[in-house]
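Asker: So the chains spell out like this:
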Amino acid sequence: MAIIVVEVMPKRELLDPAGKAVLGSLHRSGVDSFSHVRLGKRFELHVEGEATDSHLEQARTMADDLLSNGVIEDVVAIRVEDSPA
Amino acid sequence: MRVGVITFPGSLDDRDAMRAIRLAGGEPVALWHGEHDLHGVDALVLPGGFSYGDYLRCGAIAAHSPIMSEVIDAAHKGMPVLGICNGFQILVESGLLPGGLIRNDHGDFVCRDQRLRVESTQTSWTSGYTQGQEITIPLKNGEGGFIADDETLRRIEGEDLVAFRYLELNPNGSLHDIAGLRNETGRIVGLMPHPEHAVEAGFGPDTSLAMKAGIDGLTMFESVIASVVSA
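Chains as they are written, first to last, in our numbering: chain R, 1 to 85; chain V, 86 to 316.
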């Protein structure tokens with residue numbers, strides 16, 4: 001069993017209201033040591049058996065077509081990890 | 086004049102949109118997201134709501150619904166399409182309108198009667214308004230912040246693709262106060278506020294004359310009916 005991990009983040013130049021809300025909550029919890037929080041998404045695409053090049057290729061295509069919206073987000077990582085299960 | 090209203094799992098305002106079409110003199114036709122059939126309608130409304138619970142991104146999963154291949158095909162052939170709120174998000178996710186919609190800059194869901202300026206009457210859905218007309222219709226969203234990169238914004242402004250702009254205050258941090266867009270042909274329009282909630286006296290926003298008397302949204306549905314009948 002393997003998983004292909006796809007990580008998507010809001011574009012750096014855009015406002016990230018969700019990240020801003022988390023930063024506010026950190027400050028309210030008395031933690032002032034972090035200047036910025038950005039909040040993104042991690043997808044785990046599970047593969048029965050080994051992750052092949054064709055799995056990765058499909059993951060790359062769908063990362064752009066469905067999992068992210070290039071207008072507001074960037075795909076920052078696509079990698080294979082061993083499934084913990 | 087038959088206007089289809091597509092129901093996605095999580096659509097909320099499909100019934101209201103159908104009622105608005107009826108009040109404007111059209112025949113509403115209920116369409117289902119899972120079919121590959123537009124039932125011969127003359128125009129389409131993608132209603133508001135929270136399709137697929139706003140999972141992934143607002144409108145993103147609905148944009149990949151079975152019926153959307155027919156919608157995109159018909160839109161490219163010139164069928165008038167109106168996307169309201171979640172419907173606007175679906176149009177943007179489908180690539181039928183430019184830019185993107187993100188969480189409101191202040192982080193809160195907002196529900197208010199919103200003043201707008203009609204920036205373009207050169208569309209199937211706004212031809213009944215006068216250029217620059219100021220209207221008030223309800224707005225209710227958590228993710229209505231319109232964004233686009235600088236080049237896209239320049240194109241939007243340069244080609245007069247802004248259909249509606251927020252007046253008095255910007256409720257969600259939308260760039261350039263953009264409340265709604267049109268495409269190059271004017272057949273496709275999307276907006277975050279809800280015209281279908283301001284179509285019948287007694288159920289609309291307050292006006293200076295009477296409470297709940299505002300029907301500024303009705304013109305949007307009357308416009309498309311007039312444009313298709315005259316085409």
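If you are wondering where the hints come from, they were derived from the structure by calculation, not from laboratory data. Incorrect hints may appear among the rest.
[As the list claims (entries may be wrong)] Every beta carbon over 10 Å from chain V, so not counted as near; a handful from chain R, in silico:
1. Pro-10
2. Lys-20
3. Arg-42
4. Leu-45
5. Glu-57
6. Arg-60
7. Leu-66
8. Leu-67
9. Asn-69
[To be verified] From the structure, some residues in chain V lie toward chain R, with a derived Cβ separation under 8 Å:
10. Gly-138
11. His-149
12. Pro-151
13. Gly-163
14. Glu-178
15. Gly-184
16. Gly-185
17. Ile-187
18. Arg-188
19. Asn-189
20. Asp-190
21. Gly-192
22. Val-195
23. Arg-202
Quick caveat: nothing in here was measured; it's all calculated off a predicted structure. Quick reminder that beta carbons are idealized off the backbone N, C-alpha and C, glycines included.
Asker: State for each hint whether it applies.
Answerer: Outcome of the hint check:
1. Pro-10: The claim is violated: Pro-10(R) sits with its nearest Cβ about 8 Å from chain V, within 10 Å.
2. Lys-20: violated, 7 Å
3. Arg-42: Its Cβ never comes within 10 Å of chain V, the nearest being 13 Å, so this holds.
4. Leu-45: Consistent with the label, Leu-45(R) stays out of reach of chain V, its closest Cβ about 14 Å off (over 10 Å).
5. Glu-57: holds, 19 Å
6. Arg-60: It holds; Arg-60(R) is separated from chain V by about 17 Å at its closest Cβ, greater than 10 Å.
7. Leu-66: Leu-66(R) not clear of chain V: closest Cβ-Cβ about 6 Å, inside 10 Å.
8. Leu-67: violated, 7 Å
9. Asn-69: Violated, since 6 Å does not exceed 10 Å.
10. Gly-138: violated, 15 Å
11. His-149: With a closest approach of 6 Å, the His-149(V) hint holds.
12. Pro-151: This interface hint is violated because 15 Å lies over the 8 Å limit.
13. Gly-163: violated, 25 Å
14. Glu-178: Status holds, d = 7 Å.
15. Gly-184: This hint holds: Gly-184(V) lies near chain R, its Cβ roughly 6 Å from the closest one there, short of 8 Å.
16. Gly-185: Holds, about 4 Å.
17. Ile-187: Holds, about 6 Å.
18. Arg-188: Given a least distance of 4 Å, the restraint on Arg-188(V) holds.
19. Asn-189: Asn-189(V) check passes; min Cβ-Cβ to chain R is 7 Å, inside 8 Å.
20. Asp-190: holds, 6 Å
21. Gly-192: holds, 5 Å
22. Val-195: It is violated, given that the least Cβ distance between Val-195(V) and chain R is near 12 Å, above 8 Å.
23. Arg-202: violated, 24 Å
When each numbered hint is compared with the structure, violations occur for hints 1, 2, 7, 8, 9, 10, 12, 13, 22 and 23.
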